[in-house]
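With chain R held as given, fit chain W onto it using these hints.
Heads up: the sequence lines are chains R and W, in that order. Take our numbering: the last position of the first sequence gets the number 652, and nothing is skipped along the way. Take our numbering: the last position of the second sequence gets the number 652, and nothing is skipped along the way.
Worth double-checking, as some hints may not be accurate.
The calculated EDC-like cross-link candidates involving lysine to aspartate or glutamate, where the alpha carbons are at most 20 Å apart (straight line), are [what the hints assert, rightly or not]:
hint: 1; chain 1: R; residue 1: Lys-344; chain 2: W; residue 2: Glu-573
hint: 2; chain 1: R; residue 1: Lys-98; chain 2: W; residue 2: Asp-213
hint: 3; chain 1: W; residue 1: Lys-61; chain 2: R; residue 2: Glu-638
hint: 4; chain 1: R; residue 1: Lys-8; chain 2: R; residue 2: Glu-619
hint: 5; chain 1: R; residue 1: Lys-61; chain 2: W; residue 2: Asp-575
hint: 6; chain 1: R; residue 1: Lys-239; chain 2: W; residue 2: Asp-582
hint: 7; chain 1: R; residue 1: Lys-68; chain 2: W; residue 2: Asp-581
hint: 8; chain 1: R; residue 1: Lys-611; chain 2: R; residue 2: Glu-631
hint: 9; chain 1: R; residue 1: Lys-400; chain 2: R; residue 2: Glu-441
hint: 10; chain 1: W; residue 1: Lys-241; chain 2: W; residue 2: Glu-409
hint: 11; chain 1: W; residue 1: Lys-39; chain 2: R; residue 2: Asp-213
hint: 12; chain 1: W; residue 1: Lys-113; chain 2: W; residue 2: Asp-184
hint: 13; chain 1: W; residue 1: Lys-98; chain 2: R; residue 2: Asp-213
hint: 14; chain 1: R; residue 1: Lys-167; chain 2: R; residue 2: Asp-109
hint: 15; chain 1: R; residue 1: Lys-8; chain 2: R; residue 2: Asp-19
hint: 16; chain 1: W; residue 1: Lys-239; chain 2: R; residue 2: Asp-581
hint: 17; chain 1: W; residue 1: Lys-344; chain 2: W; residue 2: Asp-291
hint: 18; chain 1: W; residue 1: Lys-288; chain 2: R; residue 2: Asp-581
hint: 19; chain 1: W; residue 1: Lys-454; chain 2: W; residue 2: Glu-487
hint: 20; chain 1: R; residue 1: Lys-39; chain 2: W; residue 2: Asp-213
Partial list, computed: chain R residues near chain W (C-beta under 8 Å) [stated by the list, open to error]:
hint: 21; residue: Met-29
hint: 22; residue: Leu-41
hint: 23; residue: Ala-50
hint: 24; residue: Leu-70
hint: 25; residue: Ile-76
hint: 26; residue: Pro-81
hint: 27; residue: Phe-204
hint: 28; residue: Gln-205
hint: 29; residue: Lys-399
hint: 30; residue: Thr-401
Simulated restraints, written as ranges between beta carbons of each label pair [claimed, not checked]:
hint: 31; chain 1: R; residue 1: Asp-14; chain 2: W; residue 2: Leu-21; range: 56 to 66 Å
hint: 32; chain 1: R; residue 1: Val-610; chain 2: W; residue 2: Lys-288; range: 21 to 31 Å
hint: 33; chain 1: R; residue 1: Glu-497; chain 2: W; residue 2: Asn-360; range: 54 to 64 Å
hint: 34; chain 1: R; residue 1: Asp-446; chain 2: W; residue 2: Thr-102; range: 37 to 47 Å
hint: 35; chain 1: W; residue 1: Gln-421; chain 2: R; residue 2: Arg-24; range: 29 to 39 Å
FYI, nobody ran anything at the bench for these hints, they're computed from the structure. Bear in mind that the values here come from a model prediction, so they are computed numbers and not experimental data. Beta carbons: idealized from backbone N, C-alpha and C, even for Gly.
Protein chains: 2
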Amino acid sequence: MAATNTTKTGQPFDRDVLDSLLRRTGFYMPSFEIYGGEKGLYDYGPPLTALQSNFVDLWRKHFVLREKMLEVDTTIITPEPVFITSGHVAKFADFMSKDPKTGEIFRTDHLIKQVLGARLKADQDARGQTIEVEKPDEPQKKKKIKDVKIEKLDDAVAQEYNETLAKLDNYDGEGFNELIKKFDIKGPTSGVDLDPPKPFNLMFQTYIGPSADKPNGYLRPETAQGQFLNFQKLLEFNKQKMPFASASIGKSFRNEISPRQGLLRVREFLMAEIEHYVDPESGKKHEKFEDVKDVKLTLLNRHTQLAGSEKTEVMTVGDAVSNKVIDNETLGYFIVRIQDFLLKLGIDPSKLRFRQHMANEMAHYAADCWDAELFGSFGWIECVGCADRSAYDLTVHMKKTGAPLVVRENLPEPRKFKEYQVDMNKKKLGPKFRKDAKAVENAVEDLSQDLREKLSLELKDSGKITIDTPNIGNGKTELDKDLITIEQREVTQHIREYTPNVIEPSFGIGRILYHLLEHVFWTRSSESQDEPSARNVLSIPPLIAPIKVLIVPLSNHLDFKPFLRHLTSLLDEMDVANSIDDSSASIGKRYSRNDELGTPFGITVDFQTVKDKTITLRERDSTKQVRASQEDICAAIESLVRGGCRNLQVKR
Amino acid sequence: MAATNTTKTGQPFDRDVLDSLLRRTGFYMPSFEIYGGEKGLYDYGPPLTALQSNFVDLWRKHFVLREKMLEVDTTIITPEPVFITSGHVAKFADFMSKDPKTGEIFRTDHLIKQVLGARLKADQDARGQTIEVEKPDEPQKKKKIKDVKIEKLDDAVAQEYNETLAKLDNYDGEGFNELIKKFDIKGPTSGVDLDPPKPFNLMFQTYIGPSADKPNGYLRPETAQGQFLNFQKLLEFNKQKMPFASASIGKSFRNEISPRQGLLRVREFLMAEIEHYVDPESGKKHEKFEDVKDVKLTLLNRHTQLAGSEKTEVMTVGDAVSNKVIDNETLGYFIVRIQDFLLKLGIDPSKLRFRQHMANEMAHYAADCWDAELFGSFGWIECVGCADRSAYDLTVHMKKTGAPLVVRENLPEPRKFKEYQVDMNKKKLGPKFRKDAKAVENAVEDLSQDLREKLSLELKDSGKITIDTPNIGNGKTELDKDLITIEQREVTQHIREYTPNVIEPSFGIGRILYHLLEHVFWTRSSESQDEPSARNVLSIPPLIAPIKVLIVPLSNHLDFKPFLRHLTSLLDEMDVANSIDDSSASIGKRYSRNDELGTPFGITVDFQTVKDKTITLRERDSTKQVRASQEDICAAIESLVRGGCRNLQVKR
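With the rest of the complex left out, here is chain R:
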């Protein structure tokens, strides 16, 4: 399915028009604007804040309540050791290149992409024209690039550029540095050689407590770790039953090198994450898979992408799992639930696809990953990740802390088997290795059964063995038979112990909301005289619309006031968000203003109301109007606003 950049009514989509609408009507604004702004930080004004809280409410009902998930609220501030263990301190980084002359800092991969892209474009144009590239530090301003290479390229060079761009995700700092030298990439505004690329960790640092003299903590880049650290308690809360899921909604942070693309790449953002814990030996079956197996999905798998294509396939999730396109039922079930949720929100189904990650683009912890991508004016953008994190996180935290982040399951029948067991003489171990004793012990415990078998023979033969101990002395440690025994023994197991695998649906709420706004935006050409001729509309579904009802008196006539008060209190009692616009603008103008805010219903109070207490209800998308009693109309609105939640059938 090829998504096209048009509104739902087939008009070409114009991002500038939507963006100016969103800023003018207070959906969002750059944070600290009166102080000159701060890149990558945005404040949500009243309409977007309400939309976001309705999103969160719906998400909780759709996932937490329906799936009986265990929602937790863990802290943003996280001490450093947690992220050392999780791998984020070492690996959660982008490379940056500094221009020594101007002091500008560029995200290295973006810079290479821009420069090679610009050269390829110049080549295509086959003219030595000046190309404009975005200066990452100031996304609003375009800067002319100084690049000696703006000319027609050899075919071989052009091909090399294209190949390099295709696999840019595979490079590290050294690799980037070689590319920069090889392709003679200079500072884009200065023309001088750049400093070699350096990794920049994307976590915000902070100082916890009054005695910290260097940063000792981070703002979390995801809510996941807080959930993993509580695994044991959550399993207990769930009365030791597997599988189960935890969930969390909260702010996370990434200190982006050069934030851009408005609400899509920001430094502070709201996430909703689910960690579904599953027995790896269960085949990752899901008990409700049968209920969803006929739901169709639009998929772009890894193999298609490897073949250089973006062609999606539509298939049922049942077929996708049985054909191993999607690895297992649990992953498939969540992909369906994610799709259901996005469509309930009002996402355009033709602008939704699920794309499997290539091996080289997965996060360091992931074993498989499908993204829900939404199409908009920035192209296809990842908005929900659905990753199989395998047992990675629980394993590393358990290893580091010794906390039993495992499931213990009574076996229906005891299991008997033979295994090589190691006993160490701890009385002698301590005095001999002192501070390294624990590390030696760990290294021994980590020995595989195969190695243990080999070492047991060696120990019998020579009375001593040598094992690898990477962090101690020369990396080898000798142990003699006074210190260690290795024997094969028969074991009877009554309890099975295993580390669960984790399937993680992870929602970037701001990205989804931004795409929703693109998808529901269109322009109406009105034929009615008292409404302006071309009007922007946000067709946000009533279920999540920021304000549900606008109450509009025909004029400022005093006779209307009691009706306004009555109607607003009637709706307030129903917890239906409403507002009154008694300004002097024409009714058409007042409705038009609220079409831009996505308000689905309008109520008019006029002289007929004063006579017979009836009011007019106007529906935003059709502009159709009906007249009825105040009570009937308010009840109808309540049911439309709530009904969306209970009865909406997802259609594809």
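For chain W alone, kept in the frame of chain R given last:
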């Protein structure tokens, strides 16, 4: 009204019993516990997370929707200049004292309080016994204090100690240092002299962007500043209408020197704040005051406290405002709305009072402040502040940035008056004062009318004037008549421009939830045989209870399964949070477990259900049971769960 530390059924309240219940049932846990924990950070488990999200939902309905407030979501990360302007960089600090021998850091005021308190206690006991004080860094552990002064005190000394303690909030670093020397206070574990007290800013620092080589931002300590910075846009969104309120719910942070008291003094916490903007010349009237004027409040005013008493008075808010106990209607209206909200939540009305701040304890920005204090096992604790921040914040940000954070109002009649106006010759000003020119200009503009009158005469007489310019040279600047003219002129004003005052109700959500749990906790002695004899109950109101319904099958009999599935999906459709407990424990045990979780309703599926499809509904507080059809009982539950929100009448 003297609050007593008993449960609602009159039993003595035992904090240890509640605390162990809350930890055992997963309400909360110390964050990063498997890494040894991190002081002042707690994770909320499933029951408390659900309770918190129900709190937020109710808060939004009660305040944002009903009062048509403009909710915004602004960023946590804040660049330094904002908090320099707001005064937080200079003033949002506590003093800390370091023990040079042990490296321990103490919050200075707490240390003085503890030591003097310990001496006074020793004096009372009239024996030189060893006193135990809390060591702030390790609140769990009590340490013996080394203090040479443990003996009977002279009457004059004891009186001086008491007086010092009463006014401890008035001291700064120098003052604390003098107290420490005067009273010979030493390091409590080492007995050596402490380093002089140093201010420790309570904001967490961070580094924004890749080029920051020193901290250039903070995590906000309140949501308020984000709201103030958007004032202009919010006023525009409100179509220039005054008064109006903005609101925000989000995490804030305080890097406490020594966190303690569990959930009450933490480093990361959820706040809900309202900034109500009001015309200072309106007398701060409120249009809905008439509706609430007969509501009774329990008040502890400033005068009573100055007289050394804690005696509260019960009076209507109407009387309180007309007697000027509460300064104005707007403050009074919000105090009533805060009380309504707290009672809806389930706060015990006998454990709620409103206490006016003393002049010396108000934050640097506040003009008046009433706290809603809740009584619990830690005494009376501030849980909601209701401060009049006057025009402080908007004024300082406007002055710093030049952004017009003001209201402009068309006057019904033009206003004519005379005023002294200043004109400066900017062409000469710049070259003469260079970088200081702007500062000189600002100093001139800030001159009062009285001063302008005086200076205009001086300028006429001597041809030059001298004005105060504190930050330039010697603090005085001379200006001659080439540079400045001052004249009285007649002005006609068509527009009135003013900076609104701000009334700020600010909710510490964790503190309120903790007190709620204390207030709804009690122990039932059951006479029924199949229920354990003494059982803990959390009588959380259905409206905000984490889980509303527990579904319990009599046994694991297969015939019950379809009913469990039907009931859970019936309740799911109604968005009523429910869970199934089909474990093998007795029904009494299963209910008892859920009484501890505050689940208000239980449904039993038994053999009668299989016969006639009826089920039993059990109510948590009374343990009364009724039998009816599945549909009737689910509908009744839905209405009880929602009805609380719409129909609950607040009684005092």
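Evaluation of the provided hints:
1. Proximity of Lys-344(R) to Glu-573(W) is assessed by CA-CA distance (about 15 Å); at most 20 Å being required, the pair is judged to hold.
2. A distance of roughly 14 Å separates the Cα atoms of Lys-98(R) and Asp-213(W); the hinted pair therefore holds under the 20 Å criterion.
3. In summary, the hint linking Lys-61(W) to Glu-638(R) is supported, as the alpha carbons are separated by about 15 Å, within the 20 Å threshold.
4. About 18 Å separates the Cα atoms of Lys-8(R) and Glu-619(R), which keeps this hinted pair within 20 Å; it holds.
5. This hinted pair checks out: Lys-61(R) and Asp-575(W) have alpha carbons roughly 7 Å apart, not beyond 20 Å.
6. The suggested pairing of Lys-239(R) with Asp-582(W) holds, with an alpha-carbon distance near 11 Å, which does not exceed 20 Å.
7. Our distance criterion of 20 Å between C-alpha atoms is met by Lys-68(R) and Asp-581(W), whose separation comes to about 12 Å.
8. The suggested pairing of Lys-611(R) with Glu-631(R) holds, with an alpha-carbon distance near 16 Å, which does not exceed 20 Å.
9. Taking the CA atoms of Lys-400(R) and Glu-441(R), the gap is about 14 Å. The hint holds against a cut of 20 Å.
10. About 9 Å separates the Cα atoms of Lys-241(W) and Glu-409(W), which keeps this hinted pair within 20 Å; it holds.
11. The hinted pair formed by Lys-39(W) and Asp-213(R) meets the criterion: a straight-line CA distance of about 17 Å does not exceed 20 Å.
12. At most 20 Å may separate the alpha-carbon atoms for a hinted pair to count; Lys-113(W) and Asp-184(W) meet this at roughly 13 Å.
13. Between Lys-98(W) and Asp-213(R), the direct Cα distance comes to roughly 14 Å. Compliance with the 20 Å bound is thereby established for this hinted pair.
14. As the CA atoms of Lys-167(R) and Asp-109(R) are separated by approximately 11 Å, the hinted pair is consistent with the 20 Å bound.
15. Restraint check for Lys-8(R) and Asp-19(R): the C-alpha separation of about 17 Å stays at or below 20 Å, so the hint holds.
16. Distance hint between Lys-239(W) and Asp-581(R) is fulfilled; the C-alpha atoms sit about 9 Å from each other, no more than 20 Å.
17. Proposed proximity of Lys-344(W) and Asp-291(W) is supported: the alpha carbons are some 18 Å apart, at most 20 Å.
18. Restraint check for Lys-288(W) and Asp-581(R): satisfied, since their Cα atoms lie roughly 19 Å apart, inside the 20 Å limit.
19. Annotation: proposed proximity of Lys-454(W) to Glu-487(W) holds, straight-line Cα distance about 11 Å (limit 20 Å).
20. Distance hint between Lys-39(R) and Asp-213(W) is fulfilled; the C-alpha atoms sit about 17 Å from each other, no more than 20 Å.
21. Given hint, Met-29(R) at the interface with chain W, holds; its Cβ is 6 Å from that chain's nearest Cβ, closer than 8 Å.
22. Residue-level restraint check for Leu-41(R) holds (minimum Cβ-Cβ distance to chain W is 5 Å; threshold 8 Å).
23. With a cut of 8 Å, the hint placing Ala-50(R) at the interface with chain W holds, because the nearest CB-to-CB distance is about 6 Å.
24. Here the hint on Leu-70(R) is kept, as its CB sits about 4 Å from the closest CB of chain W, short of 8 Å.
25. Annotation: Ile-76(R) was flagged as interfacial toward chain W, and the flag holds, the nearest CB pair being 6 Å apart, inside 8 Å.
26. A hinted interface residue such as Pro-81(R) counts as satisfied when its beta carbon comes closer than 8 Å to some beta carbon of chain W; here the least separation is about 6 Å, so the hint holds.
27. Annotation: Phe-204(R) was flagged as interfacial toward chain W, and the flag holds, the nearest CB pair being 5 Å apart, inside 8 Å.
28. For Gln-205(R), the interface hint holds, the least distance from its beta-carbon to any beta-carbon of chain W being 6 Å, beneath 8 Å.
29. At a threshold of 8 Å, the smallest CB-CB gap from Lys-399(R) to chain W is about 12 Å, leaving the interface hint violated.
30. This hint holds: Thr-401(R) has a C-beta 4 Å from the nearest C-beta of chain W, less than the 8 Å allowed.
31. Take Asp-14(R) and Leu-21(W): their Cβ atoms lie about 58 Å apart, and the range 56 to 66 Å holds.
32. Val-610(R) and Lys-288(W) have their C-beta atoms about 24 Å apart, which keeps the hinted 21 to 31 Å range intact.
33. In this structure the supplied range 54 to 64 Å holds for Glu-497(R) paired with Asn-360(W), their Cβ-Cβ distance being about 60 Å.
34. The given range of 37 to 47 Å is respected by Asp-446(R) and Thr-102(W), whose C-beta atoms sit roughly 39 Å from each other.
35. Taken as a hint, the range 29 to 39 Å holds for the pair Gln-421(W) and Arg-24(R), whose Cβ atoms sit roughly 36 Å apart.
Violated hint for the displayed structure: number 29, the only one.
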